[in-house]
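Peer 1: First residue of the first sequence: 1274, per this note's numbering; consecutive thereafter.
No lab work stands behind these hints: they were computed from the structure.
Keep in mind that a hint or two might mislead.
In silico lysine-lysine, PhoX-like type, Cα no more than 25 Å apart, as pairs [said to hold, decoys possible]:
| id | residue 1 | residue 2 |
| --- | --- | --- |
| 1 | K1433 | K1541 |
| 2 | K1565 | K1541 |
| 3 | K1510 | K1474 |
| 4 | K1356 | K1332 |
| 5 | K1541 | K1529 |
| 6 | K1433 | K1556 |
| 7 | K1474 | K1565 |
| 8 | K1465 | K1433 |
| 9 | K1356 | K1422 |
| 10 | K1465 | K1536 |
| 11 | K1563 | K1536 |
| 12 | K1487 | K1563 |
| 13 | K1529 | K1556 |
| 14 | K1465 | K1510 |
| 15 | K1482 | K1541 |
| 16 | K1356 | K1465 |
| 17 | K1565 | K1422 |
| 18 | K1422 | K1541 |
| 19 | K1529 | K1482 |
| 20 | K1556 | K1482 |
| 21 | K1474 | K1541 |
| 22 | K1356 | K1399 |
| 23 | K1482 | K1565 |
Values in this document were obtained by computation on a predicted structure and should not be read as measured data.
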Amino acid sequence: MDKGCIDDQTTTSETISTVAPHLTTLIPQKEISLCRVGSGASTVLDPEGGLEVEAQSRKLPSSRYKGVVPQPNGRWGAQIYEKHQRVWLGTFNEEDEAAKAYDVAVQRFRGRDAITNFKQIITDDKEATMEASFLNSHSKSEIIDMLRKHTYNDELEQSKRNRSIHQSIRTGLNNSSSGLSSIKPREHLFQKTVTPSDVGKLNRLVIPKQHAEKHFPVQKGGSSKGVLLHFEDNGSKVWRFRYSFWNSSQSYVLTKGWSRFVKEKNLKAGDSVSFHSSIGPDKQLYIDWKSKSGSSNTNPRSIKPVKLVEPVQMLRLFGVDISSVSSYTSNKRSNTERDLLGFQDCKKQRTINVL
DNA sequence: CCTTGTGTTGAG
DNA sequence: TCAACACAAGGG
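Turn these sequences into a full structure, and let the hints guide you.
Peer 2: Below, the structure written as structure tokens:
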């Protein structure tokens, strides 16, 4: 479909979550009566009276939203332009979903004052502020990646949750175990809704390609042996998983050790696991999970108030080739300029490929 | 086969 | 910058 700079097309079959809890505070700028013209391509959609058919003109209904373009199959595409080039933001079932995707992109690309389809009412809304910082903490390509895969809202919510964790930490709520500042600030890496096979007998978790390559050491091809990764959970328990690439399925997986995690956390299909890393130079990795219902993970087992001993020391266990990882994981901040470069590099096509 | 999203053009 | 349009390339 596309061979962009960093070609990748893990078709995450994400549920088409209705976009935007954050946009609920938004009001449509335009409320034009839907005056659909013509019909979708060869699909149904034949507006009243097939008379003035014009049948063959197959005119696609233009969108009333900025950055939204109709697709032949009745769906909607979102796109934004920058530097004379189109950046494709993905396709959506609903017109307004596409419009919201554009809004997200335009705010990331042109700042908070950019003209959007849905105007923001409150400017000091806490939610809006959080979203703004979320946008700024991710590169353009990351944001576009989320839009294309329809995971933007999940990630946004996840980041909000993370934030509150940090706050509770700062407020001293966490003199949990080792009396000292044992908990370090984390940054969200990615989240995955586990599939039936992820929690089944296969004893493995498939890491979506784009996330694996971005956050975890790459060792594709030859060294299929994999590496051991250490993750700390909420209760300071350290989990060791073998991480490797399966040539057979061309996928990155967590194998050995994973089933134990599934068992202990009682993970069910539909639940999600999220990965994090410490902010500092020590790339400690963390794993967290939440049930499908969304109930924030407060697993009785993993909360165990005082499981102190010396869990913190284990943090350093992640002694795998961090060197190769660091270049990936440490690209969170100064993304403003760098990602622009990476962006320009992709200008082979008229439309910039981001994934 | 169907869908995506790229190539391309012309209007604003 | 932007959307309209056509359709090639890819995925299923």
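Peer 1: Next step is simple, just say for each hint if it's right about the structure.
Peer 2: The hints, checked one at a time:
1. K1433 with K1541: Within the cut-off at roughly 24 Å; holds.
2. K1565 with K1541: holds, 8 Å
3. K1510 with K1474: holds, 23 Å
4. K1356 with K1332: violated, 29 Å
5. K1541 with K1529: holds, 18 Å
6. K1433 with K1556: Satisfied, since the Cα-Cα distance of roughly 21 Å is no more than 25 Å.
7. K1474 with K1565: holds, 20 Å
8. K1465 with K1433: holds, 16 Å
9. K1356 with K1422: holds, 24 Å
10. K1465 with K1536: Distance ~17 Å between K1465 and K1536 Cα, so the pair holds.
11. K1563 with K1536: Cα-Cα ~14 Å, so holds.
12. K1487 with K1563: At roughly 23 Å apart (the allowed maximum being 25 Å), K1563 and K1487 satisfy the hint.
13. K1529 with K1556: holds, 21 Å
14. K1465 with K1510: Given that 25 Å is the threshold and the Cα spacing comes to 20 Å, the pair holds.
15. K1482 with K1541: Holds - the C-alpha atoms of K1541 and K1482 are around 22 Å apart, at most 25 Å.
16. K1356 with K1465: violated, 33 Å
17. K1565 with K1422: Between K1565 and K1422 the Cα gap is close to 19 Å, so the pair holds against 25 Å.
18. K1422 with K1541: holds, 22 Å
19. K1529 with K1482: Given pair K1529, K1482 holds - Cα atoms ~19 Å apart, limit 25 Å.
20. K1556 with K1482: holds, 20 Å
21. K1474 with K1541: holds, 12 Å
22. K1356 with K1399: Violated, at about 32 Å.
23. K1482 with K1565: Distance of about 22 Å is within 25 Å: holds.
The structure is inconsistent with the numbered hints 4, 16, 22, although it conforms to all the rest.
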